[in-house]
Each structure stands twice: as C-alpha cells, then as structure tokens.
Amino acid sequence: MAVLAGLPLSIGTASAQAGKAHSGTAGTTSCDGGDQRGAARAGWRDLHAHVVGTLEDGYAASSLNRHGDVPFRTEKGEAMVWNANTGERRALEGAQGAVPFDITDDGRVVGAQGNTLVLWDTDGKVSRPDALAGEMSIHPAQMAEDGTVVLQGQHWIIPVGAGLNHPRLVTTSYRWQPGTGFERLTQPNDGWSAVGISHDGLIVGGTGSAAVAWRPQGNPEIYANFPGHSRSWASAVNDEEVVVGAGQCRSGRNIPMRWDDPADPQELPDLGFGGIATHINNRGWIAGYASTTVRGDQVPVVWDPHGGLHRLDELLTPERPAKGDTLSSIDAVNDRNQLLVWVQRADRTMFKEVVQLR
Numbered sequence: 001m002a003v004l005a006g007l008p009l010s011i012g013t014a015s016a017q018a019g020k021a022h023s024g025t026a027g028t029t030s031c032d033g034g035d036q037r038g039a040a041r042a043g044w045r046d047l048h049a050h051v052v053g054t055l056e057d058g059y060a061a062s063s064l065n066r067h068g069d070v071p072f073r074t075e076k077g078e079a080m081v082w083n084a085n086t087g088e089r090r091a092l093e094g095a096q097g098a099v100p101f102d103i104t105d106d107g108r109v110v111g112a113q114g115n116t117l118v119l120w121d122t123d124g125k126v127s128r129p130d131a132l133a134g135e136m137s138i139h140p141a142q143m144a145e146d147g148t149v150v151l152q153g154q155h156w157i158i159p160v161g162a163g164l165n166h167p168r169l170v171t172t173s174y175r176w177q178p179g180t181g182f183e184r185l186t187q188p189n190d191g192w193s194a195v196g197i198s199h200d201g202l203i204v205g206g207t208g209s210a211a212v213a214w215r216p217q218g219n220p221e222i223y224a225n226f227p228g229h230s231r232s233w234a235s236a237v238n239d240e241e242v243v244v245g246a247g248q249c250r251s252g253r254n255i256p257m258r259w260d261d262p263a264d265p266q267e268l269p270d271l272g273f274g275g276i277a278t279h280i281n282n283r284g285w286i287a288g289y290a291s292t293t294v295r296g297d298q299v300p301v302v303w304d305p306h307g308g309l310h311r312l313d314e315l316l317t318p319e320r321p322a323k324g325d326t327l328s329s330i331d332a333v334n335d336r337n338q339l340l341v342w343v344q345r346a347d348r349t350m351f352k353e354v355v356q357l358r
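Under full-length UniProt numbering, think of the first position of the sequence shown as 1, with each following residue one higher.
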C-alpha cells in the first residue's frame, strides 16, 4: 500500500547512407567468454574528430539537431538555444524556469515546467498545451518530427508499513500527441520504461527483461534477447527502425547491442569489458560507452556503420581532452555526425562541447 505525497496516486493503463548497415556479432556471446576486442579493430580506418563549439555556462539538454542547435537553460533560469557551429544564441519566449529537453530538426523545442508540458515553435514562441494530472514533474521529454512526445512523469509516494516510511520516487512513461493529449505507456514503477523516439514517432524502451517498442498504433512489441543474455533494454531508435541498447549477462556485465528487427539481436564490439549503446543517427553511427576495466571504468565511444569501435578520446587527441579534462559521456549524435559531449574538468565542473566526426 502507498500514500502519495501531496497528490492522488493515478493508476491506469561519417558517410554511410543506410541506418541498417551491418555491425555486431551473432556467434559466441560475450557472456560465454567471447572476446570482442578483435572486432573493435575493424571498420572505419581513417576516422578523426575535432571540437566545433563549447558551451560553458548554463545547463544544456541532452539534445542536438542536425543544424548543431542545443537547447539549454541559463543560470538565471532562461530557456535558450545555442548553435555550436556559429556560436549564436536565441531566446525562447516566456516560461521563466522551464527546462528545455529536446529540439527537432526544424527548431521546435519541448520542455517542462513542473508537471506542465511546454512547447516552443520555430520562432521561439511558447505554448503550454497540457498539464500531466497525477504527476508532480515531467523529466525528461523527447519530441519526434511529427510532434509526438515521449516523457517521464514523476511523483513521490510514502510507503505504508514497518520500516517503509521513506519517500520513494515513482516514474511512469507517457506519450503525448497534439489533439489527443497524454497516453500512459507504463504503470508506475512496473519495470517498464519508454526512453527513446524516432523522427517518425516509434518509441523504444524496456520491460525490465527485454527491449520493447511502441508504434503509433498497436500493442507494445517485445524484442528478442541475445542467446546467453538474462535481459536487455533499448536506448534509442533511428528512422530505419534500427534499435540500440544493451543486453546483460547473468554476471551483471552489460553488452552493447543493436536490433535490425525485433527478432535480430546483435552484440556490438567492445573493449573487452562490456558497454552500452545509447544513441544512433540515421546514417548508422552509434554512440555510447565501453568499459575499460573489470571495475567498470568507462570511456565514450562510437561505432561506425561497418561495425568498427572507436574511442572518442583517441579520435580527438591531441586537441582534446585538455590536460585534466575527462570526456564523461556522449549525450546525442545528429545526422551530420556531430556529437554532444559532456566534459568534466579536474575541479569537477562540467561543460558541454560539440564534436564533429570526419
């Protein structure tokens, strides 16, 4: 039994053209001792990267459109868009304190203010189409080119029972569409989650045991686990419906994965210690991270459309990272093979930069 803190608990229902370019392996699973390090040497032979622009102030969203636009919030709470290629900034109208989460290729932005969905059109004009009843906040949200939004609603509950009086965060996934409003995709904290969306509105996530996709119409579709994996989940999908994410060995080790269709799970190469694929663009480039030790130390990586694995820090050397800086994660990849990268300084302050693969 649970009591909602402050709200009623609502229960209800750089040059490949094809996104399906082959990568991954279908032989011995890495869980059974298969070593993916040899596969990491294949693929793109002459890949380099350079920094296009740096955003050192404000709080940037994990979003980068094909024009190099990144939505962010200033330290004063103002929503803005920064272009990494030109350095220009444009203000988003109104909604002081609203958090921008995602930007489409035509410049529309989706964000939230508490439990209210906030949209900005291509001119930066704001609208607030809906509040998410029964939730205290929306975080985060992503928007497809057709205006479909996938988002997480959050509220706190206070469990009732001996030793259970600590507040607990409850998360539920929703789809929002113009004209129809919010649709619940998962139940609160049921292990299911919807976390990624294609330009065409295909939503992907996980069930707690397998990757799953929601089409604009129809029931959720479960994706196959790779043989030897105990579970899997999806992180992102492109317009070719290639899904990326991870599988997990019974030992707990994560293996980067892709699915060219729901019945075709493939392991991606790693550095010998596992990893996770987190993003994919429409040219077949995949971003994520790979572990470098049994302790789980991680580095941001990209997989090219031929299946080759590349460490981002080695692609940038000697330009980046600067002395004392650490590349923390790749938060987005656009269709021009630009990456949005989190960087941590030696003093643990953070900033974001956009990196161009070439």
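There's no promise every hint is true.
[To be verified] When the alpha-carbon atoms are kept at most 20 angstroms apart in a straight line, the in silico SDA-like pairs for lysine to any residue are as follows:
| # | residue 1 | residue 2 |
| --- | --- | --- |
| 1 | K125 | L55 |
| 2 | K76 | G124 |
| 3 | K76 | K323 |
| 4 | K76 | T104 |
| 5 | K323 | R311 |
| 6 | K125 | E145 |
| 7 | K76 | D105 |
| 8 | K125 | E93 |
| 9 | K323 | E56 |
| 10 | K125 | D57 |
| 11 | K125 | Q154 |
| 12 | K76 | V51 |
| 13 | K76 | D46 |
| 14 | K323 | V294 |
| 15 | K323 | R348 |
[Said to hold, decoys possible] Pairwise CB distance ranges, derived in the manner of DEER restraints:
| # | residue 1 | residue 2 | range |
| --- | --- | --- | --- |
| 16 | E93 | G228 | 50 to 56 angstroms |
| 17 | T116 | S209 | 31 to 37 angstroms |
| 18 | S251 | E88 | 44 to 50 angstroms |
| 19 | G147 | R89 | 20 to 26 angstroms |
| 20 | D190 | S251 | 23 to 29 angstroms |
| 21 | G97 | R348 | 22 to 28 angstroms |
Hint data in this document are derived by calculation from the structure and do not stem from the laboratory.
Cβ atoms here follow ideal geometry from the backbone N, Cα and C, with glycine treated the same way.
Now the hints, each set against the structure:
Distance restraint check for K125 and L55: the Cα-Cα separation of roughly 23 angstroms exceeds the 20 angstroms cut-off, and the hinted pair is therefore not satisfied. The hinted pair formed by K76 and G124 meets the criterion: a straight-line CA distance of about 18 angstroms does not exceed 20 angstroms. Between K76 and K323 the CA atoms are separated by roughly 30 angstroms; this puts the pair beyond 20 angstroms, and the hint is violated. At roughly 24 angstroms between alpha-carbon atoms, K76 and T104 are farther apart than 20 angstroms, so this suggested pair is violated.
Pair hint K323 plus R311 holds up; C-alpha atoms about 17 angstroms apart against a cutoff of 20 angstroms. Restraint check for K125 and E145: satisfied, since their Cα atoms lie roughly 18 angstroms apart, inside the 20 angstroms limit. Simply put, K76 and D105 have alpha-carbon atoms about 26 angstroms apart, too far for the 20 angstroms limit, and the pair is violated. For the hint pairing K125 with E93, the CA-to-CA distance comes to about 5 angstroms; that is within 20 angstroms, so the pair holds.
Straight-line distance between C-alpha atoms of K323 and E56 comes to about 17 angstroms, which keeps the hinted pair within the 20 angstroms bound. Proximity of K125 to D57 is assessed by CA-CA distance (about 23 angstroms); at most 20 angstroms being required, the pair is judged violated. A distance of roughly 26 angstroms separates the Cα atoms of K125 and Q154; the hinted pair therefore is violated under the 20 angstroms criterion. Proximity of K76 to V51 is assessed by CA-CA distance (about 27 angstroms); at most 20 angstroms being required, the pair is judged violated.
Using a Cα cut-off of 20 angstroms, the hinted pair K76 and D46 is violated, with the two alpha carbons roughly 43 angstroms apart. Note on K323 and V294: the hinted pairing is violated, with a Cα-Cα distance of about 25 angstroms set against a maximum of 20 angstroms. Under the criterion of a C-alpha separation no larger than 20 angstroms, the hint pairing K323 with R348 is consistent with the structure, at around 13 angstroms. Between E93 and G228 the Cβ separation comes to about 52 angstroms, which falls inside the hinted range of 50 to 56 angstroms.
A C-beta distance of roughly 33 angstroms is found between T116 and S209, which places it inside the suggested range of 31 to 37 angstroms. For S251 and E88, the hinted distance range of 44 to 50 angstroms is satisfied, since their beta carbons lie about 49 angstroms from each other. Remark: the range hint 20 to 26 angstroms for G147 to R89 is upheld by a beta-carbon distance near 25 angstroms. Checking the proposed 23 to 29 angstroms range against D190 and S251 shows it holds: the Cβ atoms sit about 26 angstroms from each other.
A C-beta distance of roughly 26 angstroms is found between G97 and R348, which places it inside the suggested range of 22 to 28 angstroms.
Going down the numbered hints, you'll see the structure goes against 1, 3, 4, 7, 10, 11, 12, 13, 14, while the others check out.
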